[in-house]
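Peer 1: Please work from the sequences and hints to get the whole structure.
Residue numbers for the sequence shown follow the working numbering, beginning at 12 and rising by one.
In case anyone wonders, no lab produced these hints; they're calculated from the structure. For clarity, every value in this text was computed on a predicted model and none was experimentally measured. Quick reminder that beta carbons are idealized off the backbone N, C-alpha and C, glycines included. Where hints are given, some of them may not hold.
Claimed, not checked - Listed next, the in silico DSS-like pairs over lysine-lysine satisfying Cα-Cα at most 30 Å (straight line):
(1) LYS692 to LYS710
(2) LYS183 to LYS209
(3) LYS801 to LYS760
(4) LYS952 to LYS889
(5) LYS1031 to LYS1020
(6) LYS620 to LYS515
As the list claims (entries may be wrong) - Here are the computed distance ranges between Cβ atoms for each label pair:
(7) GLY723 to ASP934: 35 to 45 Å
(8) SER270 to HIS141: 50 to 60 Å
(9) ASP934 to ASP869: 14 to 24 Å
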Amino acid sequence: MVLFNSCETQLLDDHIKELKRVLKPGHKRLNWNSLGISDYITRCDQALSKFESLVNQVQKNAKDINSRLMLLERTVLFKRYHPKLGSGLPDSKEYFEHLTRCSRKETETLVRKYRAIGPLLTKMEGLVVHTNSGRSPKLHPYYAYWENLIYDGLTQMVTRNLRSFLTKLQSKQPLFQVETILSAPEIVLNPSAGEIFKITLQTVRDSVESTKQFVRWMHGTCVETPPQHAEGEDEPVMFSFFSDISHNSTVIELVQNISKTVQNTLGSLNKFLSRWKRYRVLWKLDKATMVEKFAAKNPSCIEYDEKLQFYSNLANEVVNQPMSKDIDFVRLQLEPLAFTVQANARAWVKELGRLLNESAKQNLMSLKMEMENLSNDLKRAPDTLEDLKFVLRVIASIRDMSLDVELRIKDIVERYRTLLVYEIEVPEAELELSNSITQMWEDLFLQSKWVDASLVSVKMKFTEITQDQVTVFAADLTQLQEKFIECGPSSVGNDLDQGVELLKQFKEEFMKFERERQELANAEKLFGIPITSYPVLMNMEQELKGLEQIFSIYERQKAARDEWSNTLWANLDVNVLSDGIDGFTKELKRLPRQVKALPICHILEEKMKEFKESIPLFSDLKNEALRERHWKKLMELTGMKFDLNPETFTLQNMFAMELHRFSDVIADITGSATKELSIEKGINEVSETWGTMKFTVSKYMKGTQERGFVIGAVDEILQILDDNAMNLQSMSASRFVGPFLETVNKWEKSLSHIGEVVEVWMVVQRKWMYLESIFIGGDIRSQLPEEARKFDEIDKTFKKIMNETAKNSKVLDSCHAAGRLETMQSLVNGLEKCQKSLNDYLDSKRNAFPRFFFISDDELLSILGSHDPTCVQEHMIKMFDNISSLRFQSGSSNETVATAMISGEGEVMQFRQAIATEGRVEDWMTNVLNEMRRTNRLITKEAIYKYCDNIERVDWMLSYQGMVVLAGNQVWWTWEVEDVFQKVKKGDKMGMKNYARKMHKQIDELVVKIRSNLSQNDRKKFNTVLIIEVHARDIIDRFVRDRYRALDLDLGLDRDRSNQGIVSSIVQLV
12 MVLFNSCETQ LLDDHIKELK RVLKPGHKRL NWNSLGISDY ITRCDQALSK
62 FESLVNQVQK NAKDINSRLM LLERTVLFKR YHPKLGSGLP DSKEYFEHLT
112 RCSRKETETL VRKYRAIGPL LTKMEGLVVH TNSGRSPKLH PYYAYWENLI
162 YDGLTQMVTR NLRSFLTKLQ SKQPLFQVET ILSAPEIVLN PSAGEIFKIT
212 LQTVRDSVES TKQFVRWMHG TCVETPPQHA EGEDEPVMFS FFSDISHNST
262 VIELVQNISK TVQNTLGSLN KFLSRWKRYR VLWKLDKATM VEKFAAKNPS
312 CIEYDEKLQF YSNLANEVVN QPMSKDIDFV RLQLEPLAFT VQANARAWVK
362 ELGRLLNESA KQNLMSLKME MENLSNDLKR APDTLEDLKF VLRVIASIRD
412 MSLDVELRIK DIVERYRTLL VYEIEVPEAE LELSNSITQM WEDLFLQSKW
462 VDASLVSVKM KFTEITQDQV TVFAADLTQL QEKFIECGPS SVGNDLDQGV
512 ELLKQFKEEF MKFERERQEL ANAEKLFGIP ITSYPVLMNM EQELKGLEQI
562 FSIYERQKAA RDEWSNTLWA NLDVNVLSDG IDGFTKELKR LPRQVKALPI
612 CHILEEKMKE FKESIPLFSD LKNEALRERH WKKLMELTGM KFDLNPETFT
662 LQNMFAMELH RFSDVIADIT GSATKELSIE KGINEVSETW GTMKFTVSKY
712 MKGTQERGFV IGAVDEILQI LDDNAMNLQS MSASRFVGPF LETVNKWEKS
762 LSHIGEVVEV WMVVQRKWMY LESIFIGGDI RSQLPEEARK FDEIDKTFKK
812 IMNETAKNSK VLDSCHAAGR LETMQSLVNG LEKCQKSLND YLDSKRNAFP
862 RFFFISDDEL LSILGSHDPT CVQEHMIKMF DNISSLRFQS GSSNETVATA
912 MISGEGEVMQ FRQAIATEGR VEDWMTNVLN EMRRTNRLIT KEAIYKYCDN
962 IERVDWMLSY QGMVVLAGNQ VWWTWEVEDV FQKVKKGDKM GMKNYARKMH
1012 KQIDELVVKI RSNLSQNDRK KFNTVLIIEV HARDIIDRFV RDRYRALDLD
1062 LGLDRDRSNQ GIVSSIVQLV
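Peer 2: Structural data, given as structure tokens:
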């Protein structure tokens, strides 16, 4: 039994008890000599055999279950992949399918073994409790024990396999291989990194989810839980160990580590593949487009060779790299990628070779055609001068082009050699032609020399004819020069339009002479005669070119002016004119020095200068300040007439005026117009300001009652009024105010009137708001009936004005209403009379009760205007020193009476006689004041009388107010000191010392009381008494120390000083 665990002990508890029951007689009653010892031994043997058999069965079943659990823990889900003989690593899909297949197979085996555990426990149930339900309450703990072991076994299996898989991933040994392919424009894995990550985690997830097949037992049983229908789920839910295992922290951590490891490896793969991005130029760029752009630059053979060599090297470089790369647990197969990249590089070589072939063929055929044409031209018979010239020109061309042709032949040969080097297919006919082109050129060159030698006699004949033609041409050229000087474009003066026409005529004639000169020069060259120069023709050419530049600028600026002249005056942009003429002027100044020296250039420059000088005048006349009166004045002073209609008035009218002649007149008119415009704007601003200026009108509320309307703050209105008034004064003083003088004077009077009205209006409003609350209702109307009647009339008039203002709050309309100023002035006078009568009335009340002088008029009016006696409460502290309020109660006849006064600290002094608060307030307040004095005197007298009379002194202090206690204490201390001096005088030597001990005892009692629980006011009262008594004790101690024997002057002085301290303390307390 020592080998039993707690669950087995609990399982066999009844059988153990039965065994103990059988064995118990031998422990208690029986011995070896007892009569029933043999029967006892037989029963014991049977019981022990039965128990041993049961234990053996239980342990055997337990051992069987344990062996299944051990198998469960040690199961390998991620089995090693064994490749077939001669094959390499599997691809990722094949590898993970292998893992999934093995995991599924192992899981099915484990599930079968797991499902056999329930029947074993049911068998144990039959042995132990003789039932086979699998639900025995007796075995509840035993079921739970094995279910926990199963959970631990599954957890160990999952964590062990995940840890093993993680170790494989981190072992730097490849588990499977992945191809790399080119999916332009990117290099990607096949399968992709995302798919690898997904399938890896799916395999891990499948290993954890394999625990879903291990169905949990129902609570307290070893029977699998049937599928349950959960709310919100379409299919039945199986309760398995998955939910607990998937939330295990170790499992979660392992899954996260696997995920991070896979992500890091995939990152390393992508980082490695990024090295291949240096080849992306092969597939990222469009070959056709890039090659066509390259060919459009007409590159040389060397440039073609550099390109071809670059792409060929790339193709060789790619295939020479390793075709596999092991990165962590993945082997990259680079062969598909390498072959694709190599194919792209070879495609570039092929495309470039095609273009090189086309260019070489084109050059070859072009050169062949030229040579054939030249050969045919040499065969032409020199029967006439023109034929001779033609043949001689052909011979000269062949001689001149010799070096160029040789270079072209070398380039063609080199291009075809390059094509052969890079193994680019070339038609055989082209190769043969490229090899024979050199011989063709040499044959042509020899033919030209032979023809040239055969034409010597013919050239002599035509040389004399050419020399005669040169003499005639020189005479004609001299006549052209004279005509150009006398009648050429430079002779037109200011008429530049005529110069343009003459320039065209002379250019045509000059071109005719130039063509004839060229023909003569060619003939001289062909016949070997020195070429004749014509300085006159060269000078004329230079001057014509200069004149062409000048007249070109003139024509363009004339066209621009014609375009500007069609612009409506209303749409004029002066910057366009200025920038345009500046551009032409700069262009004229950039001409060569010899061109600018021509007279016609100075004339054009002067004309553009005049136009530029008139542009600022356009700007002045464009000024918005100009009105019709100014334009009329301008027409009058200049003598020019034009229509001012904005739809027809264009710049052509202004150009015709030649404004530069009237610059002073225009400046004077525009200056005056600008000043007048500023005045006009100022007047318009004043008009707009006061046309929209409004009073801020708001409802005047007294509590919740609406009492009419009032005007808000007018500070801003008055500020604007002052500013505008100053501006108007400045305008009226200006010499340009003429057209607006009447308007300025009108606004000056208007603003002055507004200022007066607003000033009086605000005075009326302030007085009305002050008196309105006084005269509307309350006791004042009955006291001042005549003034109340007058105020009613004023109130009616003011409210009428304010109602009109609320409907139309414009300042201008409100202040210029008929009779508004006079009405306001009469209201001011009436309100001042009402206020004077009110002040006289308030002075009479203050004379009746002088303490009303301590409060303001408004506070006094609030008291006088109310029938409620309690209205004096908020003003008591001002009228009386440290009396915060009175206590009001209802009397026997329901009248209100004042029964007590209350200090600022909350102390209450009950009046000995209640005071009725009826009649005029000054009368019953006078009665309250008299009662305050009487009650204070009586209470103080009573307190002095009852001092320490059958009551402790501290309790006596608690019975009275602070001021009474202080006065009583001081009276008694004075009397006691005088009494002690009398005793000392009569011979009582210990009298003063005894009184000093009494004083110390009283102070000690005060200190003890202060330390007890007191109200704030009582504590303050005892503190004050303690301060005074400490001072009094010090006086007595000094008497004892100095041995005073009688009353003398020093005692009187000390008493005075003591009294002063007491009085100040009493004042503070009250």
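Peer 1: Could you run down the list of hints and mark each one as holding or not?
Peer 2: Outcome of the hint check:
| no. | hint | result |
| --- | --- | --- |
| 1 | LYS692 to LYS710 | violated (37 Å) |
| 2 | LYS183 to LYS209 | holds (21 Å) |
| 3 | LYS801 to LYS760 | violated (33 Å) |
| 4 | LYS952 to LYS889 | holds (28 Å) |
| 5 | LYS1031 to LYS1020 | holds (12 Å) |
| 6 | LYS620 to LYS515 | holds (26 Å) |
| 7 | GLY723 to ASP934: 35 to 45 Å | holds (43 Å) |
| 8 | SER270 to HIS141: 50 to 60 Å | holds (53 Å) |
| 9 | ASP934 to ASP869: 14 to 24 Å | holds (22 Å) |
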